[in-house]
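Visitor: Listed below are the residues making up each chain.
Number of protein chains: 4
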Amino acid sequence: MTATDEQALAERVVAAMLVHDELSRWLGLEVTRIAPRHATCRMAVRADMVNGFGVSHGGIVFSLADSAFAFACNTHGRVTVSVENSITYPAAVHPGDVLTAVADEEAASNKLGYYKVDVRNQHGVLVALFRGTAYKTSRPHFPDA
Amino acid sequence: MTATDEQALAERVVAAMLVHDELSRWLGLEVTRIAPRHATCRMAVRADMVNGFGVSHGGIVFSLADSAFAFACNTHGRVTVSVENSITYPAAVHPGDVLTAVADEEAASNKLGYYKVDVRNQHGVLVALFRGTAYKTSRPHFPDA
Amino acid sequence: MTATDEQALAERVVAAMLVHDELSRWLGLEVTRIAPRHATCRMAVRADMVNGFGVSHGGIVFSLADSAFAFACNTHGRVTVSVENSITYPAAVHPGDVLTAVADEEAASNKLGYYKVDVRNQHGVLVALFRGTAYKTSRPHFPDA
Amino acid sequence: MTATDEQALAERVVAAMLVHDELSRWLGLEVTRIAPRHATCRMAVRADMVNGFGVSHGGIVFSLADSAFAFACNTHGRVTVSVENSITYPAAVHPGDVLTAVADEEAASNKLGYYKVDVRNQHGVLVALFRGTAYKTSRPHFPDA
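First to last, the protein sequences are chains X, E, G and Y.
The opening residue of the first sequence carries number 1 in my numbering; numbering runs sequentially from there.
The opening residue of the second sequence carries number 1 in my numbering; numbering runs sequentially from there.
The opening residue of the third sequence carries number 1 in my numbering; numbering runs sequentially from there.
The opening residue of the fourth sequence carries number 1 in my numbering; numbering runs sequentially from there.
Incorrect hints may have been included.
Per the computed footprint, the stretches of chain G lying under chain E, defined by three or more beta-carbons under 8 Å from a beta-carbon of chain E, are [to be verified]:
(1) 26-36
(2) 83-92
(3) 126-133
Worth flagging that the hints you see were computed from the coordinates, not collected in a lab.
Glycine included, every Cβ here is placed at the ideal spot set by N, Cα and C.
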């Protein structure tokens, strides 16, 4: 595939995934950049997304990062699923914060892909470090691609 | 503290956390058992909780497990925050599934607590293995407790 | 396979692995129990295993746990490799301590196995919580088995 | 502290740690660069470092990465200990390979530091992705510093 074909496939995959992704819709997640093995996503944290301490629930930041990871690791066109994720929280997130998640592949073998997702707030402060290991099935997203 | 006092404190802490926990409310999360260093929570997966493949978004199972972890690790009465979490997904989760998350402390030092959360579906199948490391601040939930 | 056959295969696999496992030999690791999807291993921490603080190097406890994990996850007879590991350290380990690592499968799919390894010292204190995700190749350890 | 003072403190801390670090000595680990919140370390994998499959034991790569992490996260001069580590293995390591581990801080709060360690072989291939969370005690390495 040419770079142009790779980019077109990446965009086609993510567009198809977004049709079904109800949770990302509820989050208000916006995909701002797609490239092969990359995704950037953005969302605003709302008052209905807090935990028992009144700050953003860990599950919100995780969901944003996990969506970015899922988009990035499927861009090559094979159906790819998450094996394992980890997350740390260097800084707290509050309602009103606007978060940007940047997902990139760090390494890959034939079957596995290793991704990192950095999540920053509107001030550029790193609020979460997310890692994801993905298993690439042999099934294509589009039989014709 | 007596065992009775510890149980009363655990319940008081979780009741206070639930007042503010808007995300757990949206999830439909129900706390079915609280004990010192333990929480069991249950929720039903809805059609608006799916990802781009039409199965439960990883963020949903994570959020359920993370809530159970947060309740369990705060039961001793000091404000306790998450340091790191990891999750794996041994089986897929579908809309309509009813999930039960069981959170227990595995080990603890003065400052840190190590928790595991097992999440099973209505058939008893393990669908997620979640781990959490928690940092215990010196701040009490209730100055009088 | 009968339970007897499964046990015999498990022991045969681990015996074959031990022939080549030079690091476990240097550690002084002893395999004290093997069963399908299980391994128990023991070792004594020596003065030449410390880190810059004079306590056991994290790599020593990790290596013990990783060996126990590798033995346990190969017992079913297919060549199985590690995908990801995590470890926490609830208590310090000192030269002279005798450590026992108990590895068990928590869940499995066709391709992946999820293991936990608890490491305790001679007083029964939990000194490490190790998790491992393993990928089962289709290659048998013994073509005749 | 000036940048010069920070660099001098970093070097002094690591020099003091290396005096006691018997495992790093056995590994043949060489510290090739120290800077505030950074360490680069190198070692050659020997035939006595293999696992049951004849490739480098996971504990060897982990130990190298863990040493680099420990040096990097102690450079600020407060005694700092590991809370949690995770590692993945994008490519196999063989005896004879020369590994370089590069440890850098990704984020930090007052009490915690978040580090990544990339390990590459002599061909520049990424063979391990290691993450470490560190807890900074209030105890200085040198009361006069």
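Visitor: Starting from the hint list further up, note which numbers the structure goes against and sort them upward.
Guide: The structure breaks only hint 1.
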